[in-house]
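Put the complex together from the two separate chains, hints included.
Those protein sequence lines, which keep their order, are chains A and B.
Number 279 in numbering that gives the first Met the number 0 belongs to position 280 of the first sequence; there are no gaps in the numbering.
Number 64 in numbering that gives the first Met the number 0 belongs to position 65 of the second sequence; there are no gaps in the numbering.
Careful: at least some of the hints might be erroneous.
Stated by the list, open to error - Simulated crosslink set (DSS-like; lysine-lysine; CA at most 25 Å straight-line):
{"hint": "1", "chain 1": "B", "residue 1": "Lys391", "chain 2": "A", "residue 2": "Lys87"}
{"hint": "2", "chain 1": "B", "residue 1": "Lys391", "chain 2": "A", "residue 2": "Lys89"}
{"hint": "3", "chain 1": "B", "residue 1": "Lys48", "chain 2": "B", "residue 2": "Lys192"}
{"hint": "4", "chain 1": "A", "residue 1": "Lys142", "chain 2": "A", "residue 2": "Lys219"}
{"hint": "5", "chain 1": "B", "residue 1": "Lys192", "chain 2": "A", "residue 2": "Lys55"}
{"hint": "6", "chain 1": "B", "residue 1": "Lys391", "chain 2": "A", "residue 2": "Lys76"}
Source of the hints: derived by calculation from the structure; they are not laboratory data.
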Amino acid sequence: MAVVTINDQPIDIGMERLNLVQAAQKAGTFIPHYCWHPSLSVVASCRMCLVEVGEKKPDGSVVMQPRVVPACQTPAKDGTVCITGSDKAKLTQARTLESLLLNHPLDCPVCDKAGECMLQDFSYRFGNSASRMIDPKNKPANKPDIGEHISLFTDRCIMCSRCVRFTREIAGTAELHIVNRGHHSEIDIFPGDPINNKLAGNVVDLCPVGALANKEFLYKQRVWFLKSQESVCAGCSTGCSINVDHNKDVVYRIRPRENPQAQGHFICDEGRFDYAYINGKSRLDQPLARVGDQLFAGEWDTVLATVRSEFAKVAHERGDTLAGVISPMLTVEEAYLLAKYIKGLSADARLYLGWIPVVGEDEKFPQNRKGNPLGAVKFTIRAEKCPNRRGVEEILKHFQGEVLGFDCFVSDAAKLKAAYVTAGYSPRLGPWLTDDQAQILASLPLLLVQDLALSAICRSARFVIPAATFAEKDGCYVNSANLAQELHWAVKPGTMGRTDGQAFATLMQRRGLVRATAVRQGLAREVPFFAALADGSLGQYGVRLG
Amino acid sequence: MPDFEPVLLKRINANASSALDAYRADGGYRAVVKALTEMTPAQVVDTVKNSGLRGRGGAGFPCGLKWTFLPKDHPGPIYLCINADESEPCTFNNRILMEKDPHQVLEGIILSSYAIRAKTCYFYIRYEYGDAYRNLQTAIDELYAANLLGKNILGKGVDLDVFLHRGAGAYICGEETGLIESLEGKRGWPRIKPPFPAIEGAFRKPTIVNNVETMACIPHIVNRGIDWFKSIGIPPDPKNPRDTGSYGPKLYCISGHVNKPCCVELPLGVTVRELIEKHGGGVWKNRKAKGCIPGGISMGIMTEAEFDTPLDFNGPGRVGCLGLGTAAVTVFDETTSIVDVLYNICRFFAHESCGQCTPCREGTGWMMKIMDRMRKGQGRREDLDILDEVAKSIGIMPGTTICGLADGAGWPVKNAIAKFRPELESYIRKGERTTLPLALAH
Numbered sequence: 000m001a002v003v004t005i006n007d008q009p010i011d012i013g014m015e016r017l018n019l020v021q022a023a024q025k026a027g028t029f030i031p032h033y034c035w036h037p038s039l040s041v042v043a044s045c046r047m048c049l050v051e052v053g054e055k056k057p058d059g060s061v062v063m064q065p066r067v068v069p070a071c072q073t074p075a076k077d078g079t080v081c082i083t084g085s086d087k088a089k090l091t092q093a094r095t096l097e098s099l100l101l102n103h104p105l106d107c108p109v110c111d112k113a114g115e116c117m118l119q120d121f122s123y124r125f126g127n128s129a130s131r132m133i134d135p136k137n138k139p140a141n142k143p144d145i146g147e148h149i150s151l152f153t154d155r156c157i158m159c160s161r162c163v164r165f166t167r168e169i170a171g172t173a174e175l176h177i178v179n180r181g182h183h184s185e186i187d188i189f190p191g192d193p194i195n196n197k198l199a200g201n202v203v204d205l206c207p208v209g210a211l212a213n214k215e216f217l218y219k220q221r222v223w224f225l226k227s228q229e230s231v232c233a234g235c236s237t238g239c240s241i242n243v244d245h246n247k248d249v250v251y252r253i254r255p256r257e258n259p260q261a262q263g264h265f266i267c268d269e270g271r272f273d274y275a276y277i278n279g280k281s282r283l284d285q286p287l288a289r290v291g292d293q294l295f296a297g298e299w300d301t302v303l304a305t306v307r308s309e310f311a312k313v314a315h316e317r318g319d320t321l322a323g324v325i326s327p328m329l330t331v332e333e334a335y336l337l338a339k340y341i342k343g344l345s346a347d348a349r350l351y352l353g354w355i356p357v358v359g360e361d362e363k364f365p366q367n368r369k370g371n372p373l374g375a376v377k378f379t380i381r382a383e384k385c386p387n388r389r390g391v392e393e394i395l396k397h398f399q400g401e402v403l404g405f406d407c408f409v410s411d412a413a414k415l416k417a418a419y420v421t422a423g424y425s426p427r428l429g430p431w432l433t434d435d436q437a438q439i440l441a442s443l444p445l446l447l448v449q450d451l452a453l454s455a456i457c458r459s460a461r462f463v464i465p466a467a468t469f470a471e472k473d474g475c476y477v478n479s480a481n482l483a484q485e486l487h488w489a490v491k492p493g494t495m496g497r498t499d500g501q502a503f504a505t506l507m508q509r510r511g512l513v514r515a516t517a518v519r520q521g522l523a524r525e526v527p528f529f530a531a532l533a534d535g536s537l538g539q540y541g542v543r544l545g
Numbered sequence: 000m001p002d003f004e005p006v007l008l009k010r011i012n013a014n015a016s017s018a019l020d021a022y023r024a025d026g027g028y029r030a031v032v033k034a035l036t037e038m039t040p041a042q043v044v045d046t047v048k049n050s051g052l053r054g055r056g057g058a059g060f061p062c063g064l065k066w067t068f069l070p071k072d073h074p075g076p077i078y079l080c081i082n083a084d085e086s087e088p089c090t091f092n093n094r095i096l097m098e099k100d101p102h103q104v105l106e107g108i109i110l111s112s113y114a115i116r117a118k119t120c121y122f123y124i125r126y127e128y129g130d131a132y133r134n135l136q137t138a139i140d141e142l143y144a145a146n147l148l149g150k151n152i153l154g155k156g157v158d159l160d161v162f163l164h165r166g167a168g169a170y171i172c173g174e175e176t177g178l179i180e181s182l183e184g185k186r187g188w189p190r191i192k193p194p195f196p197a198i199e200g201a202f203r204k205p206t207i208v209n210n211v212e213t214m215a216c217i218p219h220i221v222n223r224g225i226d227w228f229k230s231i232g233i234p235p236d237p238k239n240p241r242d243t244g245s246y247g248p249k250l251y252c253i254s255g256h257v258n259k260p261c262c263v264e265l266p267l268g269v270t271v272r273e274l275i276e277k278h279g280g281g282v283w284k285n286r287k288a289k290g291c292i293p294g295g296i297s298m299g300i301m302t303e304a305e306f307d308t309p310l311d312f313n314g315p316g317r318v319g320c321l322g323l324g325t326a327a328v329t330v331f332d333e334t335t336s337i338v339d340v341l342y343n344i345c346r347f348f349a350h351e352s353c354g355q356c357t358p359c360r361e362g363t364g365w366m367m368k369i370m371d372r373m374r375k376g377q378g379r380r381e382d383l384d385i386l387d388e389v390a391k392s393i394g395i396m397p398g399t400t401i402c403g404l405a406d407g408a409g410w411p412v413k414n415a416i417a418k419f420r421p422e423l424e425s426y427i428r429k430g431e432r433t434t435l436p437l438a439l440a441h
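Next comes chain B alone, as it looks inside the complex (with noise of 0.2 Å):
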């Protein structure tokens, strides 16, 4: 594959890359200058739905259709709210946009708000990124001093404003209607659904929530045109009608046991073995890898044996994961033991369970309790049994909880017991025990 020349990561070396005059000189706000002479927002909704833009959070549903879905002719007032409570472990591809380059993405919130005739945007973010709430104010400040935001933007009667709203630092806020609920103030349990957002979300009004790297999408589509962004990535798979292919560039987080963790833009498909030898350096200390979580730990675990999977949106599914997720990869070397893998995988889905659905509040307590007790060296092979038959009841049966955490909890326990099942039997049979400190209490 030729080198890929780099579209949302384009500016972040740039210097003074978050300033707006910058953006601007290097044809910032011209998508929207374009948007709002010459397109309607239905135009602008089916430039989006065409391009097969996929919502890059981590479902990748299309983010077009999801626009489509909001009711006809509502008298609003309509909602955006963007997903920036980025806290998929490993995940860091937001941050670099939100902190490098805010006008790219408030770009693609001015064009979308746009699309759906959104006159109010909520951009939540996650407590931690502090830098990236800052530049980010800054740039939506320089905004309504320029006339990009407010009433009637570059006097086209579009009027747009966007709020920022920093979260209080929990996993579950990053699902999107438990991200409405703690925007309005309550406890960030997701909703039951229906109705979906799009129909009744914040405030109980039509409520669209992207990512925000779909966001950062959006301007290059804009004015790109459909077919550039249909040229970069991979088509859909001819034998499985429900793929809508893997179109556009998409930030790749590397990291964990590699030289040179990086988050690099590519285009969609890339394998996992190509971004750890040519992206992320290769394994550290001259040591093989183990395996590799192929998009936040959700997503589930591959083999060393499966690196060459592509990583596009049907790729993982290919290798029994449960999909792209947020293409972080996390790799991890041939020294780990995949009990103190499993063990981190779970303390960290009981202590970011929101609690509301019995399955997965004591389903992701009750694995954490299995595998804390097995690296102590008190584990039974009964044990696996029981993990495997609890990870795969608490999401995976689908509908069996209200949101995708239970799922994102038991896919990668049934991931680790199908494929690392001999080395966790061994490590009972042994009765080994880690001697890794606990770093959090539980």
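Just chain A, with the same shape it has in the complex (with noise of 0.2 Å):
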């Protein structure tokens, strides 16, 4: 047991190593920092977190250092005293921060972080209120094309060196470095070596500044009016956790947020651009029922009707010609729902697993440039990129005691009378049917397809239901390590669409809006894999199952 004692509150760390800004945090005292961040080393340069700190005596008596030490760098050891308030720790964290806009400017109204800037947050409670200098400032060109989605501007940067040790230490292909010295120092890549790998928009949310910028966010949207929704990536099943943030129905930006139990603190670029789509031109938002060689868009509850006593009626005709194929790309509670009504509709009736993407093989970090790891591995890019087959392999073992694959859907097709199709994949991925397996699908009597858009399958369709996306949807997703991660809507799906879960609903003749909260209750009451998600909450960084 270790006791710290935070500004005279002593605090019982217990066994963890932590340093002293981990340890007033434990204590409620924030101690301001740049440098330091806790999943890249210690490097304490940027000298803002300099407290005073001591050691209890075991006689109760406090013996504290002439010196200001910087707390990043402090292990916290039973007995540590730090001080963070006194006279002389404010007065080298206010003078830090002089230091640090002497050449920093002041270009707040036009830079894209104001508004979640630490410079303007420390400033405002750490700083004096104006600069003494008035010699002209350092003026270092700006370097737009760092990277194909990074922007420098190379004049408000504070050097606090997070990018570089980022793209060493956790990307491992180290494109940034530091140029020049003094204060002359800039961050800056190779010439014709821009950053472009595939974690590299993580520099942008690490930079505490607006010297890195995102280009796809870049004066898209003031901060102060985006609201942001936790949420889980739907990029690979990895399941990164996320915050989707957004503004009047529209996703701007994607951001990781911290979870030990997923992912760590980062996220891929692959998840984090891939926000397009959503609001995207070519989504549908209302149904469309098929009138002899044409699709024609119709009101939710007239189609849904349709579709419910059409596939009624193949369920009472023949159960075992009906077939329902979840895809990966809903969420467990979705899934349970489909597994339910075409069960519901005949016993005999069976479900297939959806399409699971795999592009390439799972890419681990840090790597090399050859693509070769460099040790432990931080951070993983999977293969497959779907955030939810673990989630929908156990509803579908529930449900018939085994998994059937898409491919065995395709071949068994020529057996069926109806399929309910649910894709909803990113357009990033590609079509999610090869022409072959699409022309085997038209022979189909009664297809119903779910998806984001129009696709060459559609056309042999004889409903066309829209999808939502993970920032629209309630739910949850189980990543590939079994971790159930819950997401929350963001955005509506369009001006006419619901989501898959209330198509579902409304097909099974329920009532009223889903609520994801309670369908999960009763799928862990009838399914013993889920049985942990009973609370209802999976809470801040989720459930592991299984």
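This is the structure:
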């Protein structure tokens, strides 16, 4: 047991190895810092976290060190006394801030970071209101093309070196480095070698000021207009925790949300920049029904009523010619509702797992330029580009004891009369059906496709129902490590849209809006694998299943 | 004080002073033979420790004490790094030792490596010292041929390899951890301590970093004994319990506005006035001195009135300077404007700050900008207060930066404002301006 005293407040940190910034956080005291980041190495160079430190002797007396020390570099040990608010500590913090602002252009009105900038926040809390410098500031040239997605406003940089350490320690590709010395130091790349690694976007989140900017987001929205919703990335089976930043039903940005159980602090660029399709023009938001050769948009309730009666007819005639294909893009709750609906029509109906997109192999970071891993794995981008294969598999196992894949569905198609096919894949993955598969499925007399946009297969479908993206629905995904995490809707699925779950509930003739927590509680009671979700809420970091 | 017989510089004017044969003929490598046959490594460490030898690099840390910080029974490797990145302005004592008598330094290296059980020594030499580099390399080759380096030295079962490494010309690489980073092929940014290099240094192994002149002292200590070494210099100040004394000979560099700039070897404790008058030939052009820099510009500034201060490890501290530093005395005469001196100093530190810690990176640049403005006649009275405050807060307040560069950058500014404030104020008030050309763009 180690007891650390932060500003007269004793706090027991147990056996954890913490530095004073973390120990103070536990005690509810914030020590300002720029260069320190929990998943990067300690450099103690910004000198923002300077505090006074002493040691409590066994007889109760406290011996203070005469110097100020960086809290990020000082381990919290039993008896450590840390004073953050003394005159000396405050003075050094204010001086550091004054120094940082000497060459920082006060261009907050046009800076993308304004509103979530640590330099603004700390200046307000710990700094002085005016600068005493009257000399001209250094104005190094901006570097708008240091990366495909990343732009560097060189003059705003405060040289915390987080981005440099990130590319070295987490990405491993080490594109960024510091050139020049003293107050002319700059972040730079080697000529012709931009920062385009697959984790590059994280340097923008790591940047405490507006130096590194995300070009996709640049000048799109002031951050104080954005609302943030906790969610889960649907890009691959790692299932990174994210924040979806949105305003007026438009998703503007995806940022990683720290989750030690899932991915840590970062997300990959694939997930970060794959949001344009959510507000894409090609999205469906009304159900379509075929009349003759043409698909016509209809009212949700009308179309779903027809769907219900058509499927019920097939199920009534011969149950084993009815199939449901459950996409791994659906949440666990939606998969459960769909499985229950199809099995409810006929116990003989067959359930298949939707297409599992696999691209290449798992990519492990840090990796060098040749893609070879360097040391312990700190981040993985999985080859399986869907968020919920594990969840859907468990639903399928529960309802029919086995998991039949999508290929199996295609080869069984000739024997089938009706199929409810869900998709909802991001357009980044390309078409989810090959032409051959589409041709085979075209022979199905009653084909319903639930997807984000029209695709080739819709030409032979009787019904096309709009699907919703991860940003539009509540529910949970189970990642490859069996961690169930909750996602919350951030934007509405179009003006007329409904979520997949709502469509299933309507088909099952359940009344009212579908509440994911209620469905989850029912599911947890019914399916033993999901028993741990009985609480309804999964907390910030999710719940590990199985 | 009677004339002192030089020890370290004894051979520098001899013919072929850098050749191994000549060095051996003058009794060279006797200390190595003595240590390897008669002494254990621990005995060598004790000898150096008891001699009171303090590091000649600038900080004056007791050399033997530093060696004892190495972890006991470490399986190795342990490295010895020689700091020959002599980049403190006006300092050239190491250069003379390396160019004229490299074997004396190398003998010290063999002895030190034996003492600390290092099998590898990295000799980090600043890029600008081409002659020193070539002479040292020749000397090292001679030693390999004579079995004084390499495997099984003199058949005593001791191995040692010495690698010369040329720096790329940065002041900060003279800081021991900056040197280690640079040696490892990284950017010369000082490391955070702890761990200190003696625990985890070059390539994450225990490492001792010593100065060239320190090395040169060691053969003489081993040969002539502790008592001889302690007979030179001055004993500890009884009033200062932290003073461990300033023993041994020291190379003093005299430069600036003197008639005869030179490097002389004298016992520690000589006064500035004696250095200038007796060894430097007096101030040039029959002028009077205005002041001097006592030991490299990072040590602060002394006024003419303070020239009777003895230059030992504590002397300069008594008149408000940081310390002895490299004992490189730079004199400026009465016609020199303190504004120019200060501007030049600030420009140097702004240029050489590594840019890692915020207070130093921004503070040195700010001080340079203020001084630049001041020398152009745009100074304000409050600038002096700002300069003083910045100087006192970027490193002089302990803990504000990782290494001592900021400390060194602050000290001369702080001294100049304390000691030459009337002159600075009158310069500002009269709106004087300097038309001296700017040597370097900034």
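Can you confirm whether the C-alpha distance between Lys391 of chain B and Lys89 of chain A stays at or below 25 Å?
With a Cα-Cα distance of about 16 Å, the restraint between Lys391 of chain B and Lys89 of chain A holds, given a limit of 25 Å.
Hint check: Lys192 of chain B vs Lys55 of chain A, CA-CA at most 25 Å. Holds or violated?
Holds - the C-alpha atoms of Lys55 of chain A and Lys192 of chain B are around 22 Å apart, at most 25 Å.
Hinted pair, alpha-carbon criterion (25 Å max): Lys391 of chain B, Lys76 of chain A. Please report holds or violated.
31 Å, violated
Taking 25 Å as the top limit, are the C-alpha atoms of Lys391 of chain B and Lys87 of chain A close enough?
13 Å, holds
Lys48 of chain B and Lys192 of chain B: Cα distance at most 25 Å?
Holds, at about 24 Å.
Lys142 of chain A and Lys219 of chain A were given as a pair; does the straight-line alpha-carbon distance stay at or below 25 Å?
Roughly 19 Å between the alpha carbons, so the hint for Lys142 of chain A and Lys219 of chain A holds.
When each numbered hint is compared with the structure, a violation occurs for hint 6 only.
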